[in-house]
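Participant: What follows is each chain in one-letter form.
Protein chains: 2
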Amino acid sequence: MELARIAFQEIQENYTYSLQYSTTEGNVELRRAFLEFLRKDGIKAELEEIVITTASQQGLDLVAKTFLDPGDVVYIELPSYLGAIQAFRAFEAELVGITLEEDGMDLERLREQIQKGRAQGKNPKLIYVIPDFQNPAGICWSEEKRAELLKIAKEEDLLVVEDAPYRALRFAGEEVPSLKAMDREGRVVFLFTLSKILAPGLRLAALVGAEEIVNKVVAVKQATDLCTPALTQALALRFLREHDFEAHIERLRSCYREKRNAMIAALERYMPEGVLWTRPEGGLFLWVTLPPGLDTEKMLPKALERKVAYVSGSPFFVDGTGHNTMRLSFAIATLEQIDEGIRRLAEVIKEELAALPSSVSA
Amino acid sequence: MELARIAFQEIQENYTYSLQYSTTEGNVELRRAFLEFLRKDGIKAELEEIVITTASQQGLDLVAKTFLDPGDVVYIELPSYLGAIQAFRAFEAELVGITLEEDGMDLERLREQIQKGRAQGKNPKLIYVIPDFQNPAGICWSEEKRAELLKIAKEEDLLVVEDAPYRALRFAGEEVPSLKAMDREGRVVFLFTLSKILAPGLRLAALVGAEEIVNKVVAVKQATDLCTPALTQALALRFLREHDFEAHIERLRSCYREKRNAMIAALERYMPEGVLWTRPEGGLFLWVTLPPGLDTEKMLPKALERKVAYVSGSPFFVDGTGHNTMRLSFAIATLEQIDEGIRRLAEVIKEELAALPSSVSA
Chain E
1 MELARIAFQE IQENYTYSLQ YSTTEGNVEL RRAFLEFLRK DGIKAELEEI VITTASQQGL
61 DLVAKTFLDP GDVVYIELPS YLGAIQAFRA FEAELVGITL EEDGMDLERL REQIQKGRAQ
121 GKNPKLIYVI PDFQNPAGIC WSEEKRAELL KIAKEEDLLV VEDAPYRALR FAGEEVPSLK
181 AMDREGRVVF LFTLSKILAP GLRLAALVGA EEIVNKVVAV KQATDLCTPA LTQALALRFL
241 REHDFEAHIE RLRSCYREKR NAMIAALERY MPEGVLWTRP EGGLFLWVTL PPGLDTEKML
301 PKALERKVAY VSGSPFFVDG TGHNTMRLSF AIATLEQIDE GIRRLAEVIK EELAALPSSV
361 SA
Chain B
1 MELARIAFQE IQENYTYSLQ YSTTEGNVEL RRAFLEFLRK DGIKAELEEI VITTASQQGL
61 DLVAKTFLDP GDVVYIELPS YLGAIQAFRA FEAELVGITL EEDGMDLERL REQIQKGRAQ
121 GKNPKLIYVI PDFQNPAGIC WSEEKRAELL KIAKEEDLLV VEDAPYRALR FAGEEVPSLK
181 AMDREGRVVF LFTLSKILAP GLRLAALVGA EEIVNKVVAV KQATDLCTPA LTQALALRFL
241 REHDFEAHIE RLRSCYREKR NAMIAALERY MPEGVLWTRP EGGLFLWVTL PPGLDTEKML
301 PKALERKVAY VSGSPFFVDG TGHNTMRLSF AIATLEQIDE GIRRLAEVIK EELAALPSSV
361 SA
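First to last, the protein sequences are chains E and B. At position 223 of the first sequence the residue is numbered 223 (the numbering used here), and the sequence of numbers has no breaks. At position 300 of the second sequence the residue is numbered 300 (the numbering used here), and the sequence of numbers has no breaks.
These aren't lab readings, by the way, just hints derived from the structure by calculation. The structure presented is a predicted model; accordingly, all values stated were derived computationally and were not measured. The C-beta atom is built at its ideal place from N, Cα and C for all residues, glycine as well.
Derived DSS-like pairs: lysine-lysine, alpha-carbon spacing no greater than 30 Å straight-line:
1) E:LYS154 - E:LYS216
2) B:LYS216 - E:LYS298
3) B:LYS216 - B:LYS125
4) E:LYS216 - B:LYS216
5) B:LYS116 - B:LYS151
6) E:LYS145 - E:LYS122
7) B:LYS44 - B:LYS154
8) E:LYS216 - E:LYS40
9) B:LYS145 - B:LYS116
10) E:LYS216 - B:LYS125
11) E:LYS122 - B:LYS122
12) E:LYS40 - E:LYS145
13) E:LYS44 - E:LYS151
14) E:LYS298 - E:LYS350
15) B:LYS298 - E:LYS216
Looking from chain B toward chain E, a few residues come up when the C-beta cut is under 10 Å (computed):
16) ALA7
17) GLN20
18) ASP61
19) ALA90
20) ALA230
Have a look at the derived ranges for each label pair, beta carbon to beta carbon:
21) E:GLU336 - B:THR16: 17 to 27 Å
22) E:ARG5 - B:GLU340: 38 to 48 Å
23) E:GLU351 - B:ARG241: 46 to 56 Å
24) E:ARG344 - B:GLU2: 43 to 53 Å
25) B:PRO177 - E:THR99: 53 to 63 Å
26) B:GLU48 - E:GLN115: 40 to 50 Å
27) B:PRO177 - E:ASP319: 48 to 58 Å
28) E:GLU212 - B:ASP319: 29 to 39 Å
Generate coordinates for the entire structure from the input sequences, incorporating the hints supplied.
Facilitator: Below you can see the structure in the form of structure tokens.
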């Protein structure tokens with residue numbers, strides 16, 4: 001493992017730095033390296049507009065801690081990322097879920113909900129989205145919807161948090177610009193992470209936003225953990241400098257493309273009628289919707305008996321729906337395991353369908 | 001540097017673990033190693049009673065996030081650690097400072113303040129203390145005051161946060177048991193860290209408390225950062241396993257003892273009458289009180305001109321006092337630098353004293 005040699009050299013040559021306190025903003029050279037990477041993706045930001053975080057989960061926690069007062073309203077995709085739901089709930093925000101369509105949020109519904117909230121005397125504060133290969137749904141927002149979301153955010157003076165852990169992992173389809181790249185007003189907070197493209201164990205990510213926003217977040221971060229570990233920052237920096245990071249990501253993309261294709265092929269081969277799934281153009285997840293009446297949470301023990309696992313969809317919905325949905329990941333399994341796993345899962349689903357009262361399955 | 005070899009081996013042999021997600025509670029073996037270390041110090045705790053944190057600053061943040069509602073009262077030493085003040089203020093706690101005497105807080109005053117707070121309809125919630133070689137004051141609480149503090153906490157049903165970053169660094173005097181070791185009711189939350197005894201750059205610490213408390217903190221930590229980096233945890237564990245950690249700490253103790261002695265000798269040699277200082281039995285800091293009328297914040301630029309630095313005392317006081325105090329650290333400077341630094345600092349103080357109006361200096 002290349003990182004082993006890097007860790008040895010870094011500590012050997014640079015321990016007075018790597019084993020000491022870092023600044024709250026994070027390693028300057030690593031921030032520069034991140035900015036350069038993001039610049040290729042159309043995001044222009046300066047050193048004062050980025051802060052290193054201990055993975056994106058801390059970015060979410062810091063955004064919540066910095067901007068949310070109890071009762072503030074956060075608009076969130078339905079379904080959305082569990083960790084974000086938890087981070088916002090920890091600061092007692094009200095979460096309003098907006099249905100996700102194939103090309104992004106139902107923006108008419110978003111407008112309605114914002115206005116309804118204001119009419120009720122509530123305080124709409126931010127919109128949280130994962131526009132690229134969403135976790136859990138795997139979908140990618142269209143450019144039109146992105147532009148429209150920014151327009152709504154401007155009209156309603158809301159902050160937008162763009163969580164982009166899978167953005168670099170596009171393996172099919174056309175590139176779509178990030179909200180941050182389209183943002184002309186400094187109202188988008190962009191969360192970038194190495195967890196899916198280098199190693200989650202490093203817990204390294206960054207928050208990119210307007211200088212005023214970043215300054216506030218840095219002050220809050222200081223009281224939260226003083227600084228992110230200098231060592232992991234230094235290791236990541238060495239890796240980015242000494243390796244062809246673009247080629248590394250290209251390898252990841254082609255690996256995940258192959259796995260996604262295998263999973264879709266298996267779904268087509270084995271699944272009974274009435275089961276639907278997304279065809280993600282990137283990321284790690286595929287979202288499956290079963291016929292109404294099936295409950296993926298109740299079904300899970302039966303799947304586990306046959307040694308196949310998935311994540312039940314319901315916890316991703318802040319409104320308590322989604323009981324007939326599930327998230328499948330094609331990240332870790334081999335091609336053979338993917339085929340066999342989907343075959344077993346299809347068997348379980350067929351059995352469940354057969355056991356449904358005919359009034360419901362009709 | 002020994003950690004370089006350890007990092008190489010760890011990643012080489014164990015990267016599927018070290019570069020992946022960890023559990024929110026932290027590496028089981030590292031938690032066991034911490035517990036074993038603490039057991040020698042009289043703290044008996046089980047695996048369910050410890051959670052790894054990203055340095056003690058995160059421990060403070062998690063305690064605040066878990067237990068403090070806006071307006072809750074936190075009792076804190078006067079002076080106290082800046083990072084704790086910031087962590088509690090971030091959750092809108094009211095901080096009430098209690099004067100620190102040579103053997104710990106003025107506990108009569110603490111009782112009065114708690115009763116006064118209750119009479120005013122406030123919600124006293126926790127007491128935050130650094131009983132060993134306090135930052136910034138360098139003093140160590142007596143066993144009597146520790147016992148009395150626990151008694152007050154029990155009577156008033158308050159949580160006690162014991163921050164113990166310097167506890168292992170005793171280099172003189174008699175051992176005094178920690179509050180946690182004396183705690184019979186599970187009301188003490190103990191913060192342990194590797195920052196002062198291994199390397200601050202690892203950002204590794206632990207929070208030890210009753211299982212019920214730890215469970216709450218773990219749930220909050222999950223929404224805060226999911227987990228602390230697996231890599232740094234694995235490195236620390238290897239270091240603890242492969243080295244004589246007690247001998248390592250003994251070397252640190254004797255090094256700091258020598259430096260403390262050099263600083264006290266230099267203070268005795270150079271300081272004018274009216275300047276007072278502590279004689280810490282451990283830790284890294286020495287606390288200096290100048291004659292009234294002097295302001296260490298205003299004096300700092302003059303000291304910096306002569307290339308000697310200190311930390312002004314006032315920010316450590318939540319009540320706005322302490323303008324004539326300063327914190328000196330003997331951690332990093334060499335013995336020669338300590339002597340020369342104190343000599344220069346004494347010159348600056350003498351000049352400031354000479355410039356005082358006689359009415360004030362009398």
